[in-house]
Amino acid sequence: MANTEAGTPLPHLGDYFKDLYHCSDCGYCVDAIWQERGIEHICATLGSHSPGLSYSGQGYIKLARAWLEGEELALPTLAERVFSCTGCGNCERICPIGLRPMNINRALRRELVDRDLAPQSATGICANVSSQQNPGGAPFAERYAFVDRRAFAESAGVGATHQGAGAATIYLPGCAAAHARPAEASAAVELLAAAGIQVQLLGDEDRCCGAPLRELGFAAAARAQGAQLAERLNARGYDLLLTSGCECANTFIGMDRQRTFAAWLADAMEQGVLRLVASTELPVVACMESCQATQATRAGNPDDNAALPRILAALGVPVVGDAASPYRLCCGGSGGMAALHPESSQAMARARIDAVAGAAALVSVDPRCVAQLEAARTADDPPVYGIAEFLRCHFTIAGGAA
Amino acid sequence: MSTAATDGLVALGNFAGAALLTDPVDLVAYRRDTSAATPGKPDAVVRPHTAEAVVEVLQRANRARTPVYARGGATMYAGGVNPSAGGIVLDLGGLNRILDIDLDRGIVVCEPGVRFGALLAALRPHGQTIGIVPSTAPAATIGGALSAHALGTGSPQFQSFGDEVAGLEVILASGERVCTGSAASSRAGYFQRYCIGPDLTGLFLGADGTLGIVVAVALWLHPLPEHRQTNSYGFADAAGVQRCILEIQRRELVGNIWYAGAYEAATIKARIGQAFPEKAQGPLPGFALAVDYRGDSGRVREDEQRIAEIAARCGGVPFPDFDAAYFHRLRNDEVYWYSFAGFFAMSRCAILMASVPTDRMTAFLDVITAQRQNYPQYPLGAALVMCRRGLHGGALAFYDEATQWQGAVAAMEECAGTLVAAGCVPYKTGKVWAAQVKGFGPYWGLLQRIKRELDPHGILSPGDLGLGG
Ligand SMILES: Cc1cc2nc3c(=O)[nH]c(=O)nc-3n(C[C@H](O)[C@H](O)[C@H](O)COP(=O)(O)OP(=O)(O)OC[C@H]3O[C@@H](n4cnc5c(N)ncnc54)[C@H](O)[C@@H]3O)c2cc1C
Chain A
1 MANTEAGTPL PHLGDYFKDL YHCSDCGYCV DAIWQERGIE HICATLGSHS
51 PGLSYSGQGY IKLARAWLEG EELALPTLAE RVFSCTGCGN CERICPIGLR
101 PMNINRALRR ELVDRDLAPQ SATGICANVS SQQNPGGAPF AERYAFVDRR
151 AFAESAGVGA THQGAGAATI YLPGCAAAHA RPAEASAAVE LLAAAGIQVQ
201 LLGDEDRCCG APLRELGFAA AARAQGAQLA ERLNARGYDL LLTSGCECAN
251 TFIGMDRQRT FAAWLADAME QGVLRLVAST ELPVVACMES CQATQATRAG
301 NPDDNAALPR ILAALGVPVV GDAASPYRLC CGGSGGMAAL HPESSQAMAR
351 ARIDAVAGAA ALVSVDPRCV AQLEAARTAD DPPVYGIAEF LRCHFTIAGG
401 AA
Chain B
1001 MSTAATDGLV ALGNFAGAAL LTDPVDLVAY RRDTSAATPG KPDAVVRPHT
1051 AEAVVEVLQR ANRARTPVYA RGGATMYAGG VNPSAGGIVL DLGGLNRILD
1101 IDLDRGIVVC EPGVRFGALL AALRPHGQTI GIVPSTAPAA TIGGALSAHA
1151 LGTGSPQFQS FGDEVAGLEV ILASGERVCT GSAASSRAGY FQRYCIGPDL
1201 TGLFLGADGT LGIVVAVALW LHPLPEHRQT NSYGFADAAG VQRCILEIQR
1251 RELVGNIWYA GAYEAATIKA RIGQAFPEKA QGPLPGFALA VDYRGDSGRV
1301 REDEQRIAEI AARCGGVPFP DFDAAYFHRL RNDEVYWYSF AGFFAMSRCA
1351 ILMASVPTDR MTAFLDVITA QRQNYPQYPL GAALVMCRRG LHGGALAFYD
1401 EATQWQGAVA AMEECAGTLV AAGCVPYKTG KVWAAQVKGF GPYWGLLQRI
1451 KRELDPHGIL SPGDLGLGG
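Sequence lines, in order, name chains A and B. In terms of my numbering, the first sequence opens at residue 1 and continues consecutively. In terms of my numbering, the second sequence opens at residue 1001 and continues consecutively.
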């Protein structure tokens, strides 16, 4: 019946052998609705790509088990199913017995990558990361276009080498903020400066952290990217590493002295390190949770989605909708979905926007979600902002530690 | 599968937006439900979004003599959805609209693929709810629940899910559409189940999809309760609990009980041990009865007082530790998680649910005890749930699916036979009780005749209830 763990032909599934035989088919990872827990549905792929169970957490567990048990499966078809997951992690959060279908999907991706069966759009992302250091293939030279590099270098130090002594905070925008949402990155830098922080930027030394590759199952390439970036950060030296990218933050889990920009900002607001004064009438905001931010909690990190209402509350910004739910459906920005299945990815973003009622602005801590939602937004929808951008648009800096 | 059926299905792929899956990769996940029953291998999965599409599927399948297995949330533990004869799995999750909430008639009408969680959320703003809610509510569907006799939460007040159904719309194997109850008259619509003649609604309740596919369900509404509270009582043994439940039922003190369960010594020890380790060292009751009340606060208090007196007469004493350590949290916070906790104990769980006359509760437990002695390798849990009349008794065997699957199934087959011999009857039948159904002579004969009339080619869920397959 079952292959034994030792000698399995599918080494990446080895860690999940137990999960494959523990799934009770309860179907919570397919669809579940539990209002008291803020669970409205579970899987964005099933909702916006295909309702077939082979695209669900349960389906990935079944397919992994069938493959492990030696069933004949058409691997290119399997690859299409497996490379349609956003990796949002809802299936893992809902599983009543703590199984890890999203990680099983990742393991399946790794198996398929090893067999050169990853879809072309996925290998394209790999090529982009290797040539341009970002998944979308935007020119690397534009990565720090969000700041006036010369002026910044004089005042704060783009590309400046900081050796040990004195406080150094490195701000890493991450690929999404740097290329798809530069306004968020520049606003973040402004806020950091206003708080009296001597911001360092890596500039030409910056590298993609590998998160997009990790999501796609290119594990070795992802590790190499991460290692390269870590090496450069360590060489530069820092006391605090801040990033806007929630998926980047997940790469840094386990590293010392790192946080997301949103987590820093929430503390800064509450501790009075930054003082902002409303410059416009404040719009009613809907908080757009990031599934990547929620995932950080698995490793014991705080959920940055919770930082957003804290920041808004500290500023008296009215917020609409239920309390933040860790189960909100993915906007389609995650898991390589935008490149793998652009139409479905757009439909996910649309569904996310459509689910909001009564808001005049949509705000997220995650620049990747912001860029994704923006791409699906029409003129009739409320504007979408990253948190730093939102503050820049609606507040002026009245003071800080600077 | 026959060519005719395949051709028909491919054409159906473009019909009324029904999704069609035939790739083996896509069929893997449609082989089974939560049961230990042998999985089937479907040839195709069809996911319609309209009743018209269901009609089309059934007509084509009927012509091609292709089996059709209805599938809701597939959370049942009886193998009903397992396509043991191959053919089509009809995934009803796409029929998921709430069609009408009629507060004047006190009825909600919905499609079968609506999940309990969605229905409860839609009713809440109206201050309403439904009578019976399974502990799989986030994922289980209304159609699956009525076809599998859902039970548990609500059973003391309302007995079984079927008692809460006011009428149905069903599609027969031939593709004919039939409304039951008052809705048989299109001018009247749903408001009365027992009218016109015999209760045809009842024919499809608990039928595991063998007699027709349900495409609309009318359920009675109930106001959301004003007050909830839980209480637990400890007894020396099961006999005391049995006497207590009998007395509560005889005096009809069930009107404000939402859920009540009886718990064995092992559960008591484990739960008290986790919460109050020092208390677990001392003497603990051999059995517990735990009650979740809901209703008007004054009436709940009156009933609670009376039940406390009955419990005392039967040797029961208040057991607040059990309530605090386990039952209150279970009913309020963990109700939709806890049922699955056992699955991690080994790997999966084989469940047999029986209807147990309250006066046979101890006989049911004797069967469990014997089963434990005979099959120590499959640790067995007993779940006892109070109904308005009688009990539901569940036997839960935990097994390691990688190494013990077949053995566990065989052990549970034996358990099923022993339970019937002890005076219990199958409840949630599917395939796991199929052999026992055949033992109920005249009932079985009539059931077969009805089946032949409604589904002459035996395409609907062959194997379920022991019919066909
Ligand atoms: C851990 C655990 C706890 C559970 N707790 C409870 C509980 O507290 N109470 C309870 O009642 N049950 C419980 N169940 C069993 C099950 O979850 C419920 O009975 C549930 O209501 C079944 O709904 P479903 O949509 O999953 O049905 P499915 O499993 O999809 O189907 C059940 C049967 O109905 C048939 N069917 C489905 N839809 C239709 C239709 N539209 N027309 C005709 N036939 C149809 C199927 O063919 C099958 O035979 C539990 C199960 C597990 C594993």
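Hints listed in this document are in silico derivations from the structure and should not be mistaken for laboratory results. These numbers come from a predicted model, not from an experiment. For every residue, glycine included, the Cβ atom is placed at its ideal position computed from N, Cα and C. Check each hint, because a few of them may be wrong.
[Unchecked claim] Pair by pair, the computed Cβ-Cβ distance ranges are: (1) 1334/B / 320/A: 23 to 33 Å; (2) 1421/B / 356/A: 53 to 63 Å; (3) 1102/B / 190/A: 53 to 63 Å; (4) 1377/B / 123/A: 21 to 31 Å; (5) 1406/B / 9/A: 20 to 30 Å.
[As the list claims (entries may be wrong)] When the alpha-carbon atoms are kept at most 20 Å apart in a straight line, the in silico SDA-like pairs for lysine to any residue are as follows: (6) 18/A / 1398/B; (7) 1041/B / 73/A; (8) 1041/B / 1458/B; (9) 18/A / 1379/B; (10) 18/A / 1341/B; (11) 1269/B / 1380/B; (12) 1041/B / 72/A; (13) 1041/B / 69/A; (14) 1269/B / 77/A; (15) 1269/B / 1405/B; (16) 1269/B / 1282/B; (17) 1041/B / 18/A; (18) 18/A / 1282/B; (19) 18/A / 1404/B; (20) 18/A / 1340/B; (21) 18/A / 1059/B; (22) 1041/B / 77/A.
[Said to hold, decoys possible] Over 10 Å on every C-beta distance to chain B, these chain A residues come out as not near it, computed from the model: (23) 35; (24) 71; (25) 77; (26) 127; (27) 128; (28) 235; (29) 277; (30) 346; (31) 355.
Problem set entry | Proposed proximity, residue 77/A with residue 1041/B (alpha carbon, max 20 Å) | 18 Å, holds
For this session: For the pair we were handed, residue 18/A and residue 1404/B, check the Cα-Cα distance against 20 Å.
Result: 14 Å, holds
For this session: Mind checking the hinted window 23 to 33 Å against the Cβ distance between residue 1334/B and residue 320/A?
Result: Holds, at about 30 Å.
Exercise. Is it true that the CA of residue 18/A sits at most 20 Å from the CA of residue 1398/B?
Worked result: 15 Å, holds
Exercise. Has the given pair, residue 18/A with residue 1059/B, been kept, meaning a C-alpha gap of at most 20 Å?
Worked result: 43 Å, violated
Problem set entry | residue 1377/B versus residue 123/A beta-carbon gap, inside 21 to 31 Å or not | 49 Å, violated
Exercise. Are residue 1102/B and residue 190/A spaced within 53 to 63 Å by their CB atoms?
Worked result: 57 Å, holds
Exercise. Taking 20 Å as the top limit, are the C-alpha atoms of residue 18/A and residue 1341/B close enough?
Worked result: 15 Å, holds
Problem set entry | Assertion that residue 355/A lies farther than 10 Å from chain B (Cβ) | 14 Å, holds
For this session: Examine each Cβ of chain B, and state whether all of them lie more than 10 Å from the Cβ of residue 235/A.
Result: 46 Å, holds
For this session: Could you let me know if the closest chain B CB is still more than 10 Å away from the CB of residue 128/A?
Result: At roughly 29 Å from the nearest Cβ of chain B, residue 128/A sits farther out than 10 Å, so the non-interface label holds.
Exercise. Does the claim that residue 346/A lies off the interface hold, with its Cβ farther than 10 Å from every Cβ of chain B?
Worked result: 20 Å, holds
The structure is inconsistent with the numbered hints 4, 14, 15, 17, 18, 21, 23, 24, 25, although it conforms to all the rest.
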